[in-house]
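Residue numbers (my numbering), protein chains in the order written: chain A, 4 to 82; chain B, 4 to 333.
Errors might be hidden in some of the hints.
Quick list of the computed label-pair ranges, beta carbon to beta carbon [said to hold, decoys possible]:
id, chain 1, residue 1, chain 2, residue 2, range
1, B, 150, A, 69, 49 to 55 Å
2, A, 56, B, 238, 47 to 53 Å
3, B, 241, A, 63, 29 to 35 Å
4, A, 47, B, 192, 41 to 47 Å
5, A, 25, B, 192, 30 to 36 Å
6, B, 20, A, 47, 52 to 58 Å
7, B, 149, A, 56, 52 to 58 Å
8, A, 76, B, 241, 30 to 36 Å
Please keep in mind that the hints were generated in silico from the structure rather than gathered at the bench.
Note that beta-carbon positions come from the ideal geometry of N, C-alpha and C, so glycine has one too.
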Amino acid sequence: MNVPSSFDKRWEAAILVDKSYNFKFLATKILLARLKINFNKIKTAQEMKKSIDELQTFFKKNINNPLVANDLSELLGGM
Amino acid sequence: MEQKLYDVDTLNEMIDAGKKLSLAGDENALMKLHKGDWIAGTMPYFVAQDGGCFNQEQIFAAEIPDYATKVEVKVFDENSIQNIYVEGPENGFMLMTMPSMSPTFEKFAMEAPLFPQFAMHPLAGWVSGVALEDMGKITPKIIDGREKKVMENGAIVLNVSLPANKIPVIDIVNIFEQDSEGDVIEFLQDSYDATDVFINGFKRNFADYLLEIKYDIKCPVIADFYGALMNTSLKQIDEQEKRVILWCPVFKGVKYKLSKPVPNYAEKFRSEIPEGVSENVQFSCNCLLNYLYGELEGKDTAGIRGPFALGEIAYQLLNQTMVHLSIIDI
């Protein structure tokens, strides 16, 4: 499964949109929640870029894990 | 290897045979072990082969599987703990122990989610302690088995690399549930205590609020991270100071809710853990508060065994939660 580049607009939506997901991997749940909390405190373009980079790197590093692959589909698939 | 309590002689044979071990036990028992490839934290409470127990003679061991391709011991302090995730193995996991309330623990508890590469590598672990009657008299410790070096501050970590066909999976079991219809609580700062908070958007004193609703402080407040329920346990309501003291920090910007009492902790653990999960578990820990409040002495927790802890670690510090780490084939 390919992980979209950090320029893909769906990453930004993932940080901004309040939506429930059926994630399977604990780190996905914790990381996305933490990135959203941090972004909402600062709300700058720089913080958004940092959040997207972290999220995209997490999926790239862990995409061989079937639970993470599921979470990526869950996160970006519906957008 | 079965995760269970071992006597010192048996463990010394395993250490001499080159086994790589994560250990939990009373400090005096741990100091009887030979030098070797082990890390340990002090704690005499466990869920072991006969259920929840207090044992100062035997030591709980979790062995690193023989198929691990590399096992390294790393030690961090409050100045270096921020690199914990950066230094994680490319495919593998980190197993960490740190003493309760030490400067390294404080830094990790408050700031881990802001550390570089947070959650990029799997990190599980537990916070060491002492027997309840020794609290305030003896400090919790960690031990580096290579030199039997005892530390009151720091974090000791086994960095375990795995073959490409094996993947570590860390998960949690939380027997508490958010009161979904209940009030939304927001804290004004990252802190171990709270005075004024926002309740449904209105500022009021948290101690007064909890006393008014007669809240059972054995029940944590809970944040929902996409279905991962993150507890913060309440230690004490200081009526004089109008302050609520917490067992682990709350964070500004997070929405918390109250939880409801759990009538039977052991039964709830059994119902929350799917059958067969315990067979793949390589490491687990559970919260000492669950042992105490849930009266888990002599009771099993769905076959998952490990030390009770003064804080559980699954990527970050948790509270009143069971953490387990499994390895799956892909």
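Going through the hints against the structure:
no. : hint                      : verdict
1   : 150/B to 69/A: 49 to 55 Å : 40 Å, violated
2   : 56/A to 238/B: 47 to 53 Å : 37 Å, violated
3   : 241/B to 63/A: 29 to 35 Å : 47 Å, violated
4   : 47/A to 192/B: 41 to 47 Å : 21 Å, violated
5   : 25/A to 192/B: 30 to 36 Å : 33 Å, holds
6   : 20/B to 47/A: 52 to 58 Å  : 56 Å, holds
7   : 149/B to 56/A: 52 to 58 Å : 37 Å, violated
8   : 76/A to 241/B: 30 to 36 Å : 48 Å, violated
Hints 1, 2, 3, 4, 7, 8 from the list above are not met by this structure, while the remaining hints are.
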